[in-house]
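Number of protein chains: 2
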Amino acid sequence: MKFFHKVYCCFLICMLVFAAEANANDGYDLWLQYNYIQNTDLQSEYNTLINGIQPIGDSETIKVAEKELLLGLSKMLGNDTQLYLGNESGNNLLYFGSESNLDKKILSQLKKECAQIQKDGFVIKQIQVDNKNHIVITGKTDIGVLYGVFRLLRELQTHKSIKGINIVDSPKVDVRMLNHWDNLDRTVERGYAGFSLWDWHRLPDYIDSRYVDYARANASIGINGTALTNVNANALILTPQYLEKVKALAAVFRPYGLKVYLTARFSAPIEIGGLKTADPLDPEVKQWWREKTAEIYKSIPDFGGYLVKANSEGQPGPQNYGRNHVDGANMLADAVAPFGGIVMWRAFVYSEHDPTDRAKQAYSEFVPYDGQFRDNVLIQVKNGAIDFQPREPFHPMFGAMPKTPLMMEFQITQEYLGFSTHLVYLPKLYEEVFEADTYRRGKGSTVAKVIDGSLHNKKITGVAGVTNIGNDRNWTGHHFLQANWYGFGRLAWNPHLDSKDIAEEWIRMTFSNNDNFVEQIKKMMNDSRETVVNYMNPYGLHHIFDTGHHYGPGPWVGNLPRPEWNPTYYHKADENGIGFNRTKTGSNAIAQYAPEVAAMYNNISTTPEKDLLWFHHVSWNHKLKNGMTLWDGMALKYQQGVDEVETMINTWNSMESLVDQQRFKEVQMLLNIQLKEAKWWRDACLLYFQQFSKKELPEGVEKASKTLEEFQAMKFPFAPGR
Amino acid sequence: MKFFHKVYCCFLICMLVFAAEANANDGYDLWLQYNYIQNTDLQSEYNTLINGIQPIGDSETIKVAEKELLLGLSKMLGNDTQLYLGNESGNNLLYFGSESNLDKKILSQLKKECAQIQKDGFVIKQIQVDNKNHIVITGKTDIGVLYGVFRLLRELQTHKSIKGINIVDSPKVDVRMLNHWDNLDRTVERGYAGFSLWDWHRLPDYIDSRYVDYARANASIGINGTALTNVNANALILTPQYLEKVKALAAVFRPYGLKVYLTARFSAPIEIGGLKTADPLDPEVKQWWREKTAEIYKSIPDFGGYLVKANSEGQPGPQNYGRNHVDGANMLADAVAPFGGIVMWRAFVYSEHDPTDRAKQAYSEFVPYDGQFRDNVLIQVKNGAIDFQPREPFHPMFGAMPKTPLMMEFQITQEYLGFSTHLVYLPKLYEEVFEADTYRRGKGSTVAKVIDGSLHNKKITGVAGVTNIGNDRNWTGHHFLQANWYGFGRLAWNPHLDSKDIAEEWIRMTFSNNDNFVEQIKKMMNDSRETVVNYMNPYGLHHIFDTGHHYGPGPWVGNLPRPEWNPTYYHKADENGIGFNRTKTGSNAIAQYAPEVAAMYNNISTTPEKDLLWFHHVSWNHKLKNGMTLWDGMALKYQQGVDEVETMINTWNSMESLVDQQRFKEVQMLLNIQLKEAKWWRDACLLYFQQFSKKELPEGVEKASKTLEEFQAMKFPFAPGR
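Note that the protein sequences, when read in sequence, are chains H and P. Quick note on numbering: full-length UniProt numbering labels position 722 of the first sequence as 722, and the sequence is numbered without any gaps. Quick note on numbering: full-length UniProt numbering labels position 198 of the second sequence as 198, and the sequence is numbered without any gaps.
Please keep in mind that the hints were generated in silico from the structure rather than gathered at the bench. We put the CB at the ideal spot given by N, CA and C, even for glycine. There's no promise every hint is true.
Stated by the list, open to error - Simulated crosslink set (SDA-like; lysine to any residue; CA at most 20 Å straight-line):
| hint | chain 1 | residue 1 | chain 2 | residue 2 |
| --- | --- | --- | --- | --- |
| 1 | P | K715 | H | S654 |
| 2 | H | K522 | H | A400 |
| 3 | H | K715 | P | K715 |
| 4 | H | K676 | P | A248 |
As the list claims (entries may be wrong) - Residues from chain H that keep clear of chain P, each with C-beta distances beyond 12 Å, as calculated:
| hint | residue |
| --- | --- |
| 5 | E60 |
| 6 | G164 |
| 7 | D199 |
| 8 | E504 |
| 9 | L658 |
| 10 | M714 |
| 11 | R722 |
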């Protein structure tokens with residue numbers, strides 16, 4: 001064996017390590033890969049414009065910003081940026097610090113930009129001082145500076161020129177948060193990426209390095225809040241034993257601008273407080289919550305507030321005591337108000353005693369309370385009126401409570417979207433919701449404007465996402481579902497962003513800047529949401545999932561004790577047709593929308609076909625716009641969904657040379673599962689509905705691989721997420 | 001920013017990656033770190049003696065051996081060994097392949113060594129052929145060759161000279177297996193390192209790369225079997241839906257010589273077979289198991305067999321039908337026999353209807369059956385007669401069933417040893433058990449000789465360990481607890497090994513070859529088991545853990561429905577003294593040992609003090625060998641345990657410069673938890689026992705930080721592992 005010159009030998013070793021790394025990328029680094037930039041022009045540009053970094057200020061936030069820059073720049077530029085830490089004259093430096101800490105000479109060149117930013121916004125601008133070119137990142141707060149640092153790193157990651165850089169950006173929404181439906185035993189309700197990140201048993205003394213990386217990832221996309229615990233809450237989280245653990249997490253998250261929130265179990269005063277009631281108007285109950293809240297703020301001064309699911313699906317709430325949601329929410333709001341906290345009160349309610357169309361119940365119950373909630377209460381509304389389906393029309397509450405801040409609740413975890421094995425790019429769904437027009441103040445009254453507060457001039461705004469994060473090594477169980485976390489954060493920051501642009505950013509940061517790769521994978525992601533709608537719930541079908549776990553199709557389920565838990569309640573298939581009549585001749589749910597929207601949905605000919613069966617019971621022979629009967633069209637949509645997954649597989653397989661082996665293979669295995677399950681959906685649903693339509697499958701639809709009885713016999717007692 | 005010569009620049013990049021790696025070692029690679037060898041003499045020796053590798057044979061096992069060599073050699077030697085793959089003349093090659101595939105010229109030089117190996121043993125020998133020095137790794141099977149490959153890699157990892165290498169080694173035990181107490185919902189009974197590795201939902205189509213690394217790690221220490229599922233079994237694992245998933249795992253493990261076993265729920269014929277009974281003598285039941293077993297072997301031809309917990313702690317078994325353990329075990333043994341399978345029938349039984357000392361029950365129930373089991377049945381016996389305590393005398397069954405193969409069951413997971421936050425080096429415990437003398441065939445009839453079959457000339461032998469592995473990134477929740485997996489495997493291979501030597505191997509492979517580090521850390525590990533005994537259960541105390549979860553002390557618990565579930569049953573503290581009288585004047589459990597052993601334990605003066613309270617109820621004023629009273633001695637032992645943890649912390653802290661930052665800090669955090677909990681044990685136990693002794697604490701014992709009532713009020717409803 002030959003012996004090499006020492007440097008060259010080391011070089012070889014390193015290259016081997018490097019190569020091994022390249023083949024074994026487990027996805028842990030998310031979109032913060034900071035890959036070395038091979039393009040020599042860009043290398044030269046970045047190296048010329050950034051000779052060193054100069055933090056201004058010494059907060060913990062500035063320190064983590066510095067750490068991130070050192071990591072990102074050294075990996076992308078292949079040098080040790082730390083060497084140039086500020087003290088070498090003659091260099092082009094990167095300054096970062098908040099406005100109040102900036103030198104006046106620098107600040108004077110940023111006046112115009114600084115005037116444009118609000119809240120935690122930032123400015124990134126190249127300026128000249130004493131004949132040197134500097135880049136300055138600033139904001140009103142150090143958190144704004146940190147956001148700017150991540151933004152600059154993103155410019156490099158996505159291979160953008162930074163010559164004469166001048167970026168001004170501010171979040172359009174105040175509260176941008178993740179909701180973890182994580183239980184204290186580390187199971188995660190509707191979690192499909194392993195188990196909870198929060199290792200409660202070993203907290204507060206063992207700080208998993210993953211907590212830091214979680215905070216980094218969130219800060220990089222502007223997420224500033226996290227509700228650690230399940231909305232189906234356990235009061236124990238509010239005991240000293242657990243608050244000490246929450247405090248430890250809050251300390252890790254604080255430098256990253258990530259506030260901690262907790263879910264408040266309404267009956268906690270009884271369960272852990274020793275009281276006889278949790279009546280929100282009872283003075284002792286009020287006092288208990290005030291004291292408990294003060295106790296929390298004493299150890300976590302920046303505690304965000306409470307997230308509450310009350311009188312919904314068995315959770316306790318004010319109605320247990322003859323009180324209403326206003327009584328409950330305001331009582332908690334009063335407890336957190338002295339500390340600047342908020343209450344997020346969920347509107348996801350439907351009653352076991354109310355036979356009304358479930359889609360109508362949240363609106364009916366909440367809209368009359370408009371104007372009665374405290375200023376620091378946000379009503380958190382799911383994007384649609386049923387429950388996180390592959391497609392739902394926007395929730396009629398949006399725009400209907402002008403005096404109340406409504407907070408959006410999206411689901412990032414794929415309860416009804418194939419768990420974590422189906423590649424579905426959800427920002428496309430979020431965008432569709434945000435772009436929907438409520439017409440509440442005339443045309444253009446989009447849901448985005450409700451949520452960003454501009455439609456009704458709100459003082460406080462928010463977007464929440466039920467996370468898809470677990471302790472799987474790649475966080476989300478599927479490399480591509482990291483994009484849903486990423487895209488959620490980006491849209492929470494600005495609900496007016498284009499989901500395609502977000503996909504491109506993510507692809508470049510996560511996988512590759514190769515143009516062919518970017519274009520093809522962007523298309524694949526972009527199409528993926530419609531694909532899952534096609535093979536699961538075409539034409540406005542909804543909630544036809546198998547019982548309880550919601551894994552796979554279960555349109556035949558009709559024996560559950562509450563009518564609105566049954567798929568048959570939602571599709572109402574019979575010999576005459578299929579779909580839920582929510583028009584004036586049916587449940588009249590359409591009346592909850594603004595007149596323009598109601599008129600559109602009331603009429604089958606003006607109802608978008610994507611929402612057809614959501615609003616109408618439609619004959620199997622109904623002629624679709626493409627000239628086919630509904631039966632044929634539906635069958636072919638199911639087939640199309642399957643075909644589109646095959647296209648995704650072909651696209652992915654053609655990219656093998658551009659992706660590291662580990663991620664390539666893992667995504668490939670998952671796409672194959674998706675295809676198998678898309679076929680399962682197609683076959684099971686068509687066999688079932690065929691019993692009613694009594695029609696043959698149109699040409700082009702593949703024959704089912706099992707009988708209906710076989711599909712119905714499939715059981716998944718240990719499907720995850722329950 | 002300066003521009004470097006291209007190579008040098010790349011070198012720098014690589015060094016940064018390297019440095020980042022060095023600081024962020026998450027422990028995933030276990031003892032297979034394959035660190036680059038800095039020592040130039042060794043580099044030179046290894047490079048000279050291994051110019052390339054030459055696989056002989058083309059089995060999957062030989063392929064994975066080749067892959068492992070390429071990985072290990074390239075990382076340790078810093079070159080791309082693949083380049084030299086066998087075809088360059090003039091080189092010293094590393095040949096590896098089974099005897100039957102070796103060239104005769106080579107084989108003729110290995111005759112003596114090959115005659116010494118059995119089963120999956122191996123030879124590693126340097127030979128001369130045609131004036132070239134070659135190293136040959138061979139064995140009777142390709143699996144033996146793979147073991148040899150790992151052994152050679154270990155020689156390099158531990159910086160041993162390989163000049164004139166000549167190693168002959170064979171396993172002394174046939175079945176060397178892990179028992180996973182993993183449930184189908186991925187919770188792990190008594191698991192403290194996250195959740196189950198087995199992602200049943202995504203199997204068989206998604207193969208986590210971790211499955212491969214699990215198999216590699218096991219093969220590297222000679223483990224050749226894994227029971228995937230909890231002994232508290234679920235019959236669903238035997239359904240086609242799950243067997244398909246088991247098949248996929250078996251396929252991953254097969255090249256590594258790792259056979260899959262399943263736990264058989266005795267009532268499966270009823271639960272999944274539709275039969276009305278599970279009576280082992282019922283012809284339909286027999287037939288059902290025969291067919292089920294044939295079905296398993298059809299898809300997994302090398303399936304290992306069944307592990308059974310029957311009529312124990314609520315599990316169904318033959319006694320439900322008036323039959324006995326022999327009837328049950330033999331019925332299953334007959335089902336697997338045609339395929340070469342085995343049945344491991346657990347002896348861990350105690351009856352809720354039997355008021356006898358629990359320590360006596362397994363012996364009483366099983367020893368009379370000696371000679372009645374089929375040849376392919378192993379009786380799996382826990383190391384002690386109670387339940388995996390920090391210290392127990394050896395189980396009296398060892399040596400007492402000369403006609404029956406007894407398999408050792410150790411617990412690697414620390415149910416009673418501080419979960420995964422306490423650093424306890426368990427091979428020290430295993431060694432103590434193996435070295436214990438049963439006197440069944442006179443002095444020297446050690447447990448090791450019972451287990452390796454030499455005492456009673458057994459045809460089949462086995463050792464099982466209940467694993468401490470979960471989906472935590474570092475596998476075992478604590479970097480040092482990886483040593484227990486490692487050490488278990490090594491002692492299963494050869495129960496006569498010295499635990500200190502094993503610790504040294506592990507330290508060198510996992511952390512560092514620095515002599516100071518090795519010596520000090522070896523001492524720390526070696527002392528750690530006695531330390532945990534000192535602060536939890538000194539002088540033979542046992543089972544005084546808090547209820548159910550077994551986290552922390554609970555000597556006061558006395559209200560559980562079954563007497564033998566209560567700590568008070570085991571310590572029997574009263575005003576007169578403390579301890580369980582198992583002598584002739586008490587439960588007479590000592591009579592289950594050979595006369596020499598029984599006599600020793602029957603007499604308080606010949607009973608080793610470490611086992612004192614296991615066998616005797618002892619006055620608080622009893623004079624210990626050191627002259628102290630029992631009370632003072634016990635109190636000082638608790639204090640000593642705490643002091644020793646402080647010593648561990650000091651030792652570890654002094655090693656900071658020799659360990660990567662991530663592992664250093666993580667171990668440091670865990671040692672601090674261990675100290676906190678050691679004090680908790682000391683304070684809670686001494687306060688409780690002081691009620692009975694009514695004596696002051698001796699000088700040197702720190703004052704308790706809480707009152708007894710406060711300790712008793714501590715609750716852990718979500719302690720892991722239940």
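The hints, checked one at a time:
Of the pairs offered as hints, the one joining P:K715 and H:S654 is violated, with about 56 Å between alpha carbons and a cut-off of 20 Å exceeded. For the given pair, H:K522 sits about 35 Å from H:A400 by alpha-carbon distance, which is inconsistent with the 20 Å threshold. Distance restraint check for H:K715 and P:K715: the Cα-Cα separation of roughly 37 Å exceeds the 20 Å cut-off, and the hinted pair is therefore not satisfied. Restraint check: the Cα-Cα separation between H:K676 and P:A248 comes to about 17 Å, which is no more than 20 Å; the hinted pair holds.
Every beta carbon of chain P lies more than 12 Å from that of H:E60, the smallest distance being close to 18 Å; the non-interface claim holds. Taking the minimum C-beta to C-beta distance to chain P, about 19 Å, the non-interface status of H:G164 holds against the 12 Å cut. At roughly 8 Å from the closest C-beta of chain P, the C-beta of H:D199 falls inside 12 Å, breaking its exclusion from the interface. Every Cβ of chain P is farther than 12 Å from the Cβ of H:E504; the closest lies at roughly 27 Å, confirming the non-interface assignment.
No beta-carbon of chain P comes within 12 Å of the beta-carbon of H:L658; the shortest separation is about 20 Å. Not every CB of chain P is more than 12 Å from the CB of H:M714 (nearest about 8 Å), against its label as outside the interface. For H:R722, the requirement that its beta carbon stay farther than 12 Å from each beta carbon of chain P is not met, with the minimum near 9 Å.
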